[in-house]
Each structure stands twice: as structure tokens, then as C-alpha cells.
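Enquirer: Sequence lines, in order, name chains H, P and F. Residue numbering for the first sequence is 1 to 159, as defined by our numbering. Residue numbering for the second sequence is 1 to 171, as defined by our numbering. Residue numbering for the third sequence is 1 to 657, as defined by our numbering.
Think of the hints as simulated: they come from the structure by calculation, not from any bench. Do not rely on the hints blindly, as some may be mistaken.
Claimed, not checked - With a Cα cut of at most 25 Å, we get these calculated DSS-like pairs of lysine-lysine:
1) Lys-102(H) / Lys-382(F)
2) Lys-22(P) / Lys-148(P)
3) Lys-57(P) / Lys-148(P)
4) Lys-382(F) / Lys-148(P)
5) Lys-148(P) / Lys-82(P)
6) Lys-57(P) / Lys-35(P)
7) Lys-64(F) / Lys-158(F)
8) Lys-382(F) / Lys-161(P)
9) Lys-161(P) / Lys-22(P)
10) Lys-382(F) / Lys-35(P)
11) Lys-337(F) / Lys-414(F)
12) Lys-22(P) / Lys-382(F)
13) Lys-148(P) / Lys-35(P)
14) Lys-57(P) / Lys-82(P)
15) Lys-35(P) / Lys-161(P)
Unchecked claim - Counterexamples of contact, computed for chain F against chain P with all Cβ distances above 12 Å:
16) Gly-340
17) Ala-403
18) Ser-514
19) Asp-548
To be verified - Not the full set, but computed from the structure, chain H residues with beta-carbon under 8 Å of chain P:
20) Leu-52
21) Val-53
22) Leu-66
23) Asp-69
24) Gln-73
25) Thr-92
26) Ala-93
27) Arg-94
28) Tyr-95
29) Gly-96
30) Phe-98
Beta carbons are placed, not taken as given, at the ideal position from N, Cα and C, and that holds for glycine.
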Amino acid sequence: MRLAHWGLALLLALPVLAPAQPPDAPPQTVQATLDAGQQERYRRLVHELRCLVCQNQTIADSNAPLAQDLRSQVERQIAEGRSDDEIRHYMTARYGDFVLYKPPVQRNTVFLWAGPFLLLLGALAIALRQLLRRRDAAAAPAAAPDRQALQKLLDEDRP
Amino acid sequence: MRFLIPAALLVVLLVFLGIGLKRDPREVPSPLVGKPAPAFDLALLGEPQRYTQEDLKGRPVLVNFWASWCAGCRVEHPLLVKLAGEGVEIVGMDYKDTDEAARQWLQRHGNPYRRVVADVQGTAGLDWGVYGVPETFVLDANGIIVYKQIGPMTEQAWNEKIRPLLQGQKS
Amino acid sequence: MIPEIGHFLLILALGVASLQFLLPSWGVWKRDARAMAFGQSAAQVQFALVFLSYLCLTWAFVQKDFSVTYVAANSHSELPLMYRISAVWGAHEGSLLLWMLMLSGWTCAVSVFNRRLPADITATCLAVLGAIAVGFLSFMLLTSNPFDRHFPVPAEGKDLNPLLQDPGLIIHPPMLYMGYVGFSVAFAFAIAALVSGRLDGAWARWTRPWTTTAWLFLTMGITLGSWWAYHELGWGGWWFWDPVENASFMPWLVGTALIHSLAVTEKRGLLKSWTVLLAIIAFSLSLLGTFLVRSGVLVSVHAFATDPARGVYILGFLAVVLGSAFSLYAWRAPQLKSDGDLALFSREGLLLLNNVFLVVAAAAVLLGTLYPLFVDALGMGKISVGPPYFNAVFIPLTAPLAAILGLAMAVGWKRAKFAEVVRQLRWPAALALLLAAGLPFLWVGSSGFAVFAGVLLGSWVLLTSVHDLWGRVRAKRSLLAGLAAVPRCVWGMTVAHIGLGLWVLGVAFVSLHSVERDVRLAAGESAELHGYEFFLRGVDPVHGPNYDADRGTVEVTRQGASVTTLHPEKRLYRAQQNVMTEAAVDESPIRDLYVALGEPFDNGDWSLRMYYKPAMQLVWWGGFIMFFGGILAASDRRYRLAKLAQAPVSADGKVTA
Numbered sequence: 001m002r003l004a005h006w007g008l009a010l011l012l013a014l015p016v017l018a019p020a021q022p023p024d025a026p027p028q029t030v031q032a033t034l035d036a037g038q039q040e041r042y043r044r045l046v047h048e049l050r051c052l053v054c055q056n057q058t059i060a061d062s063n064a065p066l067a068q069d070l071r072s073q074v075e076r077q078i079a080e081g082r083s084d085d086e087i088r089h090y091m092t093a094r095y096g097d098f099v100l101y102k103p104p105v106q107r108n109t110v111f112l113w114a115g116p117f118l119l120l121l122g123a124l125a126i127a128l129r130q131l132l133r134r135r136d137a138a139a140a141p142a143a144a145p146d147r148q149a150l151q152k153l154l155d156e157d158r159p
Numbered sequence: 001m002r003f004l005i006p007a008a009l010l011v012v013l014l015v016f017l018g019i020g021l022k023r024d025p026r027e028v029p030s031p032l033v034g035k036p037a038p039a040f041d042l043a044l045l046g047e048p049q050r051y052t053q054e055d056l057k058g059r060p061v062l063v064n065f066w067a068s069w070c071a072g073c074r075v076e077h078p079l080l081v082k083l084a085g086e087g088v089e090i091v092g093m094d095y096k097d098t099d100e101a102a103r104q105w106l107q108r109h110g111n112p113y114r115r116v117v118a119d120v121q122g123t124a125g126l127d128w129g130v131y132g133v134p135e136t137f138v139l140d141a142n143g144i145i146v147y148k149q150i151g152p153m154t155e156q157a158w159n160e161k162i163r164p165l166l167q168g169q170k171s
Numbered sequence: 001m002i003p004e005i006g007h008f009l010l011i012l013a014l015g016v017a018s019l020q021f022l023l024p025s026w027g028v029w030k031r032d033a034r035a036m037a038f039g040q041s042a043a044q045v046q047f048a049l050v051f052l053s054y055l056c057l058t059w060a061f062v063q064k065d066f067s068v069t070y071v072a073a074n075s076h077s078e079l080p081l082m083y084r085i086s087a088v089w090g091a092h093e094g095s096l097l098l099w100m101l102m103l104s105g106w107t108c109a110v111s112v113f114n115r116r117l118p119a120d121i122t123a124t125c126l127a128v129l130g131a132i133a134v135g136f137l138s139f140m141l142l143t144s145n146p147f148d149r150h151f152p153v154p155a156e157g158k159d160l161n162p163l164l165q166d167p168g169l170i171i172h173p174p175m176l177y178m179g180y181v182g183f184s185v186a187f188a189f190a191i192a193a194l195v196s197g198r199l200d201g202a203w204a205r206w207t208r209p210w211t212t213t214a215w216l217f218l219t220m221g222i223t224l225g226s227w228w229a230y231h232e233l234g235w236g237g238w239w240f241w242d243p244v245e246n247a248s249f250m251p252w253l254v255g256t257a258l259i260h261s262l263a264v265t266e267k268r269g270l271l272k273s274w275t276v277l278l279a280i281i282a283f284s285l286s287l288l289g290t291f292l293v294r295s296g297v298l299v300s301v302h303a304f305a306t307d308p309a310r311g312v313y314i315l316g317f318l319a320v321v322l323g324s325a326f327s328l329y330a331w332r333a334p335q336l337k338s339d340g341d342l343a344l345f346s347r348e349g350l351l352l353l354n355n356v357f358l359v360v361a362a363a364a365v366l367l368g369t370l371y372p373l374f375v376d377a378l379g380m381g382k383i384s385v386g387p388p389y390f391n392a393v394f395i396p397l398t399a400p401l402a403a404i405l406g407l408a409m410a411v412g413w414k415r416a417k418f419a420e421v422v423r424q425l426r427w428p429a430a431l432a433l434l435l436a437a438g439l440p441f442l443w444v445g446s447s448g449f450a451v452f453a454g455v456l457l458g459s460w461v462l463l464t465s466v467h468d469l470w471g472r473v474r475a476k477r478s479l480l481a482g483l484a485a486v487p488r489c490v491w492g493m494t495v496a497h498i499g500l501g502l503w504v505l506g507v508a509f510v511s512l513h514s515v516e517r518d519v520r521l522a523a524g525e526s527a528e529l530h531g532y533e534f535f536l537r538g539v540d541p542v543h544g545p546n547y548d549a550d551r552g553t554v555e556v557t558r559q560g561a562s563v564t565t566l567h568p569e570k571r572l573y574r575a576q577q578n579v580m581t582e583a584a585v586d587e588s589p590i591r592d593l594y595v596a597l598g599e600p601f602d603n604g605d606w607s608l609r610m611y612y613k614p615a616m617q618l619v620w621w622g623g624f625i626m627f628f629g630g631i632l633a634a635s636d637r638r639y640r641l642a643k644l645a646q647a648p649v650s651a652d653g654k655v656t657a
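Chain H with its partners taken away, still in its complex shape (with noise of 0.2 Å):
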């Protein structure tokens, strides 16, 4: 009961020890500042930018008001010719890595980016050496009448 009463209690501090965020501003829609290329430029750029605030989404589907702040920044930003790398480099400068949902191939994440496919050639390596090895005949030889059995399900041809 005690534990019930702690728990809720907490539950409902929750939202004071939460980042607390202002109340809604106007949204911000890309108006005709930006030329098609551009726009397609922004599109890319918003999908790939985290939104701090909030559980795993990005600037481009979240309506938190930072979210907001950031989307306007980036637009701003190309309607002023920075390259995209210029605007990367612009929000890890202020939030570190952590808002980039493509982590920069940098050292600590080598084995992020080579892990799966020096995984992937360790495992093939192993897989074709048990295929391609030719190895003695390691199996007794079955009593003749299950070898019929045996070759019946073979030429069944099922899955």
C-alpha cells in the first residue's frame, strides 16, 4: 500500500522533473523560401535530426516546441546556402552527437559501422568451410532398410 502511495506520488512528479518545455508557439509550415531542391534537402535533413525532448523521434515528426526552433534553423540555414554539413555540424556543435540519428563514422563508432559486415564475412567464412570441406564419411552407413526410408523422404522433395 505504502509502496502505492510512494509510486504515485512519483508518477506525478514526473511531469515537474521533466525538462519543462514553453507553452505552444505558431507552427511553422516550409513556406515558399526554399526552391524544390532545397525543400528536398530539408526533408532529408529533419528526418535524420533528433528531437531532444521527446521519446526517440525526429524534428520532422514531433511538434514540441524545440522541435519547432530546430525545423526553422535548418530551414533558415539553406535558405542561406550552408551545406548540410555545415548545418550538422551546427547542431552537434550544441548538442553533441546525440541529436544526429547517423552517427558520424568517428572513433567510437568504428565498430558500429564495420561490425556487421566483418561479422558478416567472419560468418560466411566459417558457414563455406563446413560447405566446401570434404569430409570422410563421418556416418556409419544405415541399415539398408532404413536407407530406403530414408530416400523416400529425400525424393519427397518437401520443404
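Take the given structure of chain H and dock chains P and F to it, following the hints.
Expert: This is chains P and F only, laid out in the frame that chain H set:
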């Protein structure tokens, strides 16, 4: 021997998961720690002159981002008032707020701030990497950020992390 | 009173589960037939107890008993009945009870459908399942009791999370859990094989229908989850590589590898230790998913309210269960000897190759999901790993799989001639190339390398599946006779692979050729998207059972002709004042048109997000058809006939020398 590999991998995984339980995956550490305070040029609350990052130099100072609409700020505010009373220099950055609301709030809850900067648009917040209020940055006398407190200031953070840093500055 | 009964029933169930674990284990050790048989009665009693307990919680919800903490937190007096019933599994404690219900259900099924199993195998399986039940029941009773009461009784509940007030909630979690929990049976069978030292074709034949059934439920669960997110979250996406989504996808990938590996073990007695390992890993990933979702270790939209204290308990449980399983594997697996050779160009060789791709893909997803945690734990910084990473890594890892799949269906067991197979497949290959070249232009009006490759792979899988079926049918007198003669398991394989082919096609088109537009419209204005006109007639207030909404009316026309009228909504759920976007979708086999309301402007304008999504339906249909294929495969006659137990193949069940 290769049959032990799955078990070994499991142990590694469990160790990491155990460590993970103690970490907060939502906390975003600031890349600005160790760097100079980002530039800004904003109006002050209730005073005619402007305030910039240069004005933060000269002595160790806490830069506290807060707002009148922020519930967590209410939680930390008594501590800030107490610290100000002990002589700690605190500059307030009023984030995405109106002057009127800020004034009323400070009147009601006390004003620990040497100065209050009105960051109405949140531009300073954006440059300082603020993602929610309250957040407090600790600057040394040269205007370099030495620590960032995410969320409300706590006694524990003050005693264990921030005060030793500030005392290191003074000596 | 009822909640207390529910609580008490769980305590009883814990006692029964403990006995279900201990007595049969002792029976297997001492070869005591009665102790071994006790497992079956215990399993059935346990199921009855858990089922009744579950009904008690449902009753509390239906009766709006807000004195129960869990009900007050997840229900509301205005919540419609069907959501009150499904709110039982809407949050952590109740979903655990659902887990237990599924587990005891599967366990009961094993205790009933085991006529052809040796007594010690059944006993070991039930003991293992009992041990898992003990873990979950004690977790619930010690840390997450859904029947806790609180006083004073609130006048009103907090309402179910509006995101969950959707038909998707009614069916997605039960399907998903059936899949997750179902892999525990394969796990139990694997442990039984290791403990007894016996693993032969018969073992594989017993394990296959259980595993396939779990797999098909998981397939449906994931497909429904994706479909639900698409309709509910309002951003037009259907997969975000979110940690919780990955937690369900990893067991699916390994489960797929497992059902194919079981085929090889049943047919040829090969890959024994590999199959056992896969069965253990599949369930391990299910349990890992449970941990990730409830411990707060990773950030996710789908996570339950997180609590590190509970995380510690689950971690301990993982350590015990998985530690024992993998240790047992390390000790006993070396004694499982295979019955012969594996050649590369044979069905079993190609299946092994595809196993490699599936397992490495699962490992890659695991790596990406946990990597932020690794880096943070080692103090090396804080990073995010999101869709750009997963898409870049996953697609190259699984593309070869689709290619080899088509090949493997035409290749026979044990023997195959490369030239002959290539000759056989020339028509599917040619047609696939043709489709890849032409279909993108027909469907979306343009093409590119990526969509060419995607359509090529999807068509290849489709056409080789149909070609395989055609080959079997053609040999008979008439088409009907041919179709009737095809065994159900072959139908299962064909249908499931067709589902996969359609899924690949859908994903290729929708990922590469969707068009998105954000616009700001006043009532009476329209916007254009990919040849369609979206006319906003207006936005009006409506009053729902437990929400108030702004409902837009969007008339869609194409070249003047009316296509449809869509009603996106922005709902405010009164209880907790949450705002929810309810997107409006016009679905057709060729394309989806998707409209979501954004935010209102001060002057009455609204921001809208519009999507044109080609072939989106193929993604869902692909999943549903795979589900159906699984049903066909799992219900093949040979699993249901008692006679086959006497098959002379490895009758004595001894390990071959």
C-alpha cells in the same frame, strides 16, 4: 571450445545491461563543457543596457536558464536564493518568457540573480544547447564553461560537483 | 473482493509452477514416471489459475473499479467497453499478466498435445516452462502486482493513453505476445534435447509445428504493430527502427532462421547444435525484449513506464535462465553429432547460407540498438543510432537472402546440378528482370537503381515461388489434381514466400517513391500532391465519447474526378488533456493517400501534412500472407498423424556414431 562463445557473449551483454540500468539514456551531456560561453547580445530585464557573454567574465558565475512557466524551476529556486545569499554569483537567462510574467514570478519567489537576461526568442538557449529548462551552466573567471547541470539544481550537485569546481577557480 | 481473488490465484499459480518445475525435473533425473507425468497436470492447473486471475483483472476494468491502482491509472468512466477490456494489457503490470496467460496457455497446450513425445522429453519441456513461469509470476507478485489497491479511491481514472485507444490495441499485443512466448516452447524443446542428449529427425519434427506457430503469430504481431503505428502516430511512417520495434524484429529474424534450420535437421539430421543454439537465442531475444521495454535502459515511444528497480529483477532473471541455457549448451552441444555432409549447392547448404544472413542481420540490429548504451557505459560519449544507420546496414545484409531464396527452392536436398537449376530458373529470372525494368515506370512513373534492385528481388522471390508450385502441379493429370496433390507444407512455403516477395515490392516502392508535403491551408483552399488535389472544405468541432476533436474535411480529386473525402482529426482527450493526431488514409492496392492535421494558426488556417505512398498496402498484405503461409505449414498432416511416430528413421533416437 567454440561452444562457450555464446555463453561468453551473454556475460558481456549482461554486464553492459547492468551498467545501463544506472545510466540515464535521455540525458544529453553538453559539448560546450571546456569551451568559451557562446556569444549573445540581449536586453536585460528592467534595465536599459544590453548584456553579452563578455559581461560574464571576470569571476566564476552560474548561468541559470529559467522561465516563469517552468515547474522544475520552482523546485530549484529556493536553493538558488539560498546560494545567492551565500554570495554565489548567479545570472538568470529568462528563456522564452515575457518580461511581465518574469517580474511577477521573481517578486513572488525571490530574486537570486545579479542580472536577468531576457532571452525572449530563445536564441541564446539555442546557442547554449539548452533543450529544456531549468539548466545551469557553471563558468570560470575566464568565461569558460566548466560544468552543466541538467534539470533542477540540487544540494547534492552543488556540494559534490559544482562547489569544488568553483573553489578550484578561486585559488 | 475480486481483485483479491485474482491476486490469490496468482500466488497459487506460483506454487503450482514451482511444483511443475521441480517434480518433473526430479522425475527425469530419477526416471520416475509418475513424477514426470505430474508436469502435465500441473501445467493444466496453472493455466486455469492464471486464466481466472486474468478474468478477475478484466472484471475490475469492466466494472470500473478505480480502487485498483492499475485500473485507475489506465481507465476512465467514459472509456468505451472494448478499450476497457483491452486496457488490461495497456501498461506494464497488466501486460505481464497477459504474458503469463500466454505462457500458461502454451504450456497447457504442450501438456495436451504430446502423445508422440517420449515421457522424459515432455517432462523436461514442462519443467523448463515451469521455471520460466516461476520467474514471471514472482516478478509480478514481488514488483508489479496488477491487483494492488489504493485508498482513497479516486472518483475518476486517469484514462487509457489515447495512443492506445485504437483497434490496434485490441489485437496487436496479444498476437505479438503469442509469438514471443511461443518461442519458449522451442527453447524448452532445445533444453530437452541437450539434457537428454537425443536430437534426431523426430525431435525436429516435434519442434517444427510449435516453432512455426510461434513464428506466424509474431509475424502477424509485427505487421499489425507497424500498420497501427502508421495509422495512429500521424507521421506517415510505418517502421522507425525504434528499440521496442527492434526488440520484436530480432526474435523474428532468428525465428525465421530457426524454422528453416529445423527443416534441415528434420530432413538430413544436420545442423543439430546450430538449430539448438538458434532456439535458445530466439527465446533469449524475446526475454531481452521484455527487459528493454520495461527497464528504462533505452528511450522509446513504445516503452512502458520505466523503472530501473524492475529492470534489475528482469536482468537477474535473464542471467539465471539464459546463463543456465547457454552453459548447458556449452556442456552438452559438442555431443550432438550430425548425420552426414553438407554440400554448398544443395538445399541444406543454401539454407545454411541464408541462416547466416538472417542471424548476422539480427546481430546488426542488436548492435545498433544497444550501441548507444555500450558507448555511454564505456564513457565514450553519447550518440544516437537511428533509421539512417539501420537502413544502410540492414538492406545490404538481407538482399543476398532474397536472391538465394529463389535459388534454394529449385535446388533439391542433398544433390543438385548447378547447370540444371540455372536452366530451370531462366524464365523466372528473365521475367523478374523485365518487371524490374518496367514496373517502376508503370507504378510510380519513374525509376532508379535502388527501386530496380528492390523490384528485381521482390519479383524474383515471387516468381520462383510460383514457378516451384507450377513445377509440382504440372506433373499431374489436370491442374486441379495437381493443386490438390500439393502437400500443405509446400503450400505453406509457397504462400509464405509469395508474401515475402510482395512485402519486398511494397517496401521498395513506398520507401523510395513516397511524396510528402507540408502545407498551410485556410478553409476553401487546396494543395496539390502528385497529381491529386486536396481541397480543405473546413475544420469543425466534434464531440467523442471521451474526447473533443477538430475534424477536418478534405476532398481529394484527380483531374477533376472525385477520389475520396478524408476526415483527419486532432483529438483532445479530456481526462489527461493529451492531444492526439488521428490521420485519415485512403487505401488502395496501388497507393495510399494520407492526410494528418498539424497545428492551427491564429487566423483559423491549419497546417496539414499530406503523403502519397505507392504500394503501401503490399507491405501489410505481404505480412498477412506470410502469416497465412505459416498456418498452412504448421498444420501439415504429418504433424498431426500419430502413425508417423513409428517412422523407421532414427527410431531408437540414439546419437549416431
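Enquirer: Against this structure, judge whether each hint is valid.
Expert: Cross-check of the supplied hints:
1. Lys-102(H) / Lys-382(F): holds (13 Å)
2. Lys-22(P) / Lys-148(P): OK: Lys-22(P) and Lys-148(P) at ~20 Å, within 25 Å.
3. Lys-57(P) / Lys-148(P): Within the cut-off at roughly 17 Å; holds.
4. Lys-382(F) / Lys-148(P): Satisfied, since the Cα-Cα distance of roughly 15 Å is no more than 25 Å.
5. Lys-148(P) / Lys-82(P): Within the cut-off at roughly 20 Å; holds.
6. Lys-57(P) / Lys-35(P): holds (13 Å)
7. Lys-64(F) / Lys-158(F): holds (12 Å)
8. Lys-382(F) / Lys-161(P): At roughly 20 Å apart (the allowed maximum being 25 Å), Lys-161(P) and Lys-382(F) satisfy the hint.
9. Lys-161(P) / Lys-22(P): holds (18 Å)
10. Lys-382(F) / Lys-35(P): holds (18 Å)
11. Lys-337(F) / Lys-414(F): holds (18 Å)
12. Lys-22(P) / Lys-382(F): holds (15 Å)
13. Lys-148(P) / Lys-35(P): holds (12 Å)
14. Lys-57(P) / Lys-82(P): holds (23 Å)
15. Lys-35(P) / Lys-161(P): Holds: Lys-35(P) and Lys-161(P) sit about 18 Å apart, inside 25 Å.
16. Gly-340: holds (21 Å)
17. Ala-403: holds (29 Å)
18. Ser-514: holds (30 Å)
19. Asp-548: holds (24 Å)
20. Leu-52: Because about 4 Å separates Leu-52(H) from the closest Cβ in chain P, which is inside the 8 Å limit, the hint holds.
21. Val-53: holds (6 Å)
22. Leu-66: holds (6 Å)
23. Asp-69: Because about 6 Å separates Asp-69(H) from the closest Cβ in chain P, which is inside the 8 Å limit, the hint holds.
24. Gln-73: The hint holds - Gln-73(H) has a Cβ within 8 Å of chain P, the shortest such distance being about 7 Å.
25. Thr-92: holds (7 Å)
26. Ala-93: At about 6 Å, which falls below the 8 Å cut-off, the nearest Cβ of chain P leaves the hint on Ala-93(H) intact, so it holds.
27. Arg-94: Status holds, d = 4 Å.
28. Tyr-95: Holds, because the Cβ-Cβ distance from Tyr-95(H) to chain P comes to roughly 5 Å (cut-off 8 Å).
29. Gly-96: holds (4 Å)
30. Phe-98: With a minimum Cβ separation of about 5 Å from chain P (threshold 8 Å), the hint on Phe-98(H) holds.
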